[in-house]
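Enquirer: Here's the letter readout for the chains.
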Amino acid sequence: MSRLLRSAQADGRDAAVKYLTEYSNTAANDVFDEYKGLFAHVLGKFHDGAISRPETNVYDASEYFYPQWWLKQVSERSERAYFEDLSDEVREKGLRRRVVSTTKLTHPFRVTRSAQSDFFTNVLGDNGWSLEGIKVSLSHVFSPEVADNISNKFLGHGVGLGVKSSKFLNLDSSLVIAFMAGGVTVVLVAIFVRVSMGLRTSGYTKISDN
Amino acid sequence: MLRTQWERSHGAFPRAIGIMRTSWHFVAQLRSDLPTEVGAVLHYAQHQPVTSVYTPLYGSISEVPAPFTRGSLYSFSDDSMFWKFCSVGNYAQLAWKYIFPDIEAVQMELEENFFKERGQIDATAKSILEVSEGAKAGEGKP
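These protein sequence lines are chains A and B, in that order. Taking this note's numbering, the leading residue of the first sequence gets 1, the next gets one more, and so forth. Taking this note's numbering, the leading residue of the second sequence gets 1001, the next gets one more, and so forth.
With the rest of the complex left out, here is chain A:
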């Protein structure tokens, strides 16, 4: 300070500006260094589903994620909000038949997945083969005409079955549907190959039993 005061006498206003610039710079660098250390600290303490407690040499996995009751509440609330974006008919069906998800909730990120599978389970699953529900969910991805076309002509039974089996297997509906879509593709390719081979070989494979 006395050094600063001496330089102030020499430099006038510039010295005060220099002093405040240096102070602000030190403050910013302190924050920078603290946060550098802080990130290392939180990464070291909270990782891989457990809390490290170096003071007691314990790697504690007993309590890191949120309690189930809280996750369920958040899940329900976001699900209800989601239904508000849907048509009245589908929303009513979904809310009337809504049951609390049986999906195991252990992680905050699961909340949204759960809300999603609840949508499939409650709106589509409980309605079984309801094409209306499928159309609505498809219309989130495709244009209404395309969604209509797919659900009416192609996916109706497949998605219904997918939702049912996902419920039975306790898996995410979208996974099962994707798996089934893959299966359908394989079957179609197999039919195509069979047909084209049949066409090619039909000329000389007919052998009489007699």
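If you're looking for bench data, these hints aren't it; they were derived computationally from the structure. One or more of the hints may lead you astray.
List of simulated lysine-lysine pairs, DSS-like, C-alpha gap at most 25 Å [claimed, not checked]: (1) A:Lys-36 with B:Lys-1116; (2) B:Lys-1126 with A:Lys-18; (3) A:Lys-72 with B:Lys-1097; (4) B:Lys-1097 with A:Lys-18; (5) B:Lys-1126 with A:Lys-45; (6) B:Lys-1126 with B:Lys-1116; (7) A:Lys-36 with B:Lys-1097.
Nothing here was measured: the structure is a model prediction, and the numbers come from that model.
Given the coordinates of chain A, assemble chain B onto it according to the supplied hints.
Expert: For chain B alone, coordinates are given in the frame of chain A:
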């Protein structure tokens, strides 16, 4: 609307009232009872308010502290203040309930220290100015 975008705006994504997409924010403190050079302090921070620290920057400074001047929103850089706040803030989203208290402790300590030393820094800067003014006033006298 995209699912993630929808979830973010309907509460499924845990977040504070101050949004995480904030680039910078400040509280300006303007005091008329102090000289111009000392009177204005910008309590400035980057990234989301809840996990960042307000750093005092005096209005008269000739240079902005380097960490505040670096970095891009589109790629991480290790020497940027924004990315220091961003790393910590985003990591806290993993399990806010458990991680945030540790962040808050550091945040409070830093900010409280800044507030505590404010008076002393003001007084020092003011005395430097007064000395220089006194010296100037003395120049004209025989």
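Enquirer: Each hint: holds or not?
Expert: Outcome of the hint check:
Our distance criterion of 25 Å between C-alpha atoms is met by Lys-36 of chain A and Lys-1116 of chain B, whose separation comes to about 23 Å. For the hint pairing Lys-1126 of chain B with Lys-18 of chain A, the CA-to-CA distance comes to about 13 Å; that is within 25 Å, so the pair holds. Restraint check for Lys-72 of chain A and Lys-1097 of chain B: the C-alpha separation of about 16 Å stays at or below 25 Å, so the hint holds. Only pairs whose Cα atoms come within 25 Å are accepted, and Lys-1097 of chain B paired with Lys-18 of chain A is rejected, the gap being roughly 42 Å.
With a C-alpha separation of about 44 Å, the suggested pair Lys-1126 of chain B and Lys-45 of chain A falls outside the 25 Å cut-off, and the hint is violated. Our distance criterion of 25 Å between C-alpha atoms is met by Lys-1126 of chain B and Lys-1116 of chain B, whose separation comes to about 17 Å. Restraint check for Lys-36 of chain A and Lys-1097 of chain B: the C-alpha separation of about 21 Å stays at or below 25 Å, so the hint holds.
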